[in-house]
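Build the full structure now, drawing on both the sequences and the hints.
Residue numbers (my numbering): 2 to 99.
Derived from the structure by calculation, the hints contain no laboratory data.
Keep in mind that a hint or two might mislead.
Claimed, not checked - Derived Cβ-Cβ restraints for the label pairs, each shown as a range:
| hint | residue 1 | residue 2 | range |
| --- | --- | --- | --- |
| 1 | 33 | 77 | 12 to 20 Å |
| 2 | 98 | 11 | 33 to 41 Å |
| 3 | 27 | 7 | 26 to 34 Å |
| 4 | 98 | 74 | 12 to 20 Å |
| 5 | 83 | 52 | 13 to 21 Å |
| 6 | 99 | 33 | 28 to 36 Å |
| 7 | 88 | 4 | 25 to 33 Å |
| 8 | 30 | 3 | 30 to 38 Å |
| 9 | 94 | 59 | 36 to 44 Å |
| 10 | 3 | 91 | 34 to 42 Å |
Using N, Cα and C, we set each Cβ at its ideal position, and we do this for glycine too.
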Amino acid sequence: MDVELRASDDDRNRVVAALHQHTAAGRLTLDEFSDRAGAVWTARTLGDLAALTRDLPALPNSVVDADPVGRGRQELLMVFAAAALTLLLLGGLLAVTR
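Below, the structure is given as structure tokens:
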């Protein structure tokens, strides 16, 4: 894998799915998941994405891809993570401007 290649949305979705699986397994807290999921969407290269899961064990491909019901939950969790990140950023902005 060339770590300098630009990441696609599919690459980002796979990383978020893996992070979700690791969170469900208890390897990440919800705060850690939220931080990493937010960083996934700002990652530009495959190397940036790989850095977000470097300290986690590899998951079998079937674990990430086999759950069609979990996909809807995954998308909902991504929306929740994005909303939480947005609220944190807006809160920080309000705190700085006051």
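> Are residue 99 and residue 33 spaced within 28 to 36 Å by their CB atoms?
Replying inline: holds, 29 Å
>> A range of 36 to 44 Å was offered for this pair. Does it hold for the Cβ distance of residue 94 and residue 59?
In response: holds, 38 Å
> Cβ-Cβ distance between residue 98 and residue 11: within 33 to 41 Å?
Replying inline: holds, 38 Å
> Is 34 to 42 Å right for how far apart the beta carbons of residue 3 and residue 91 are?
Replying inline: holds, 37 Å
> Do the beta carbons of residue 33 and residue 77 sit within 12 to 20 Å of each other?
Replying inline: holds, 19 Å
>> Tell me if the beta carbons of residue 27 and residue 7 are separated by a distance inside 26 to 34 Å.
In response: holds, 33 Å
> If you check the beta carbons of residue 88 and residue 4, does the distance land in 25 to 33 Å?
Replying inline: holds, 32 Å
> Range hint 13 to 21 Å: satisfied by the CB atoms of residue 83 and residue 52?
Replying inline: holds, 20 Å
> Do the beta carbons of residue 30 and residue 3 sit within 30 to 38 Å of each other?
Replying inline: holds, 32 Å
>> Please check whether residue 98 and residue 74 have a Cβ separation lying inside 12 to 20 Å.
In response: Because 36 Å falls outside the window, the suggested range is violated.
Going down the numbered hints, you'll see the structure goes against just number 4.
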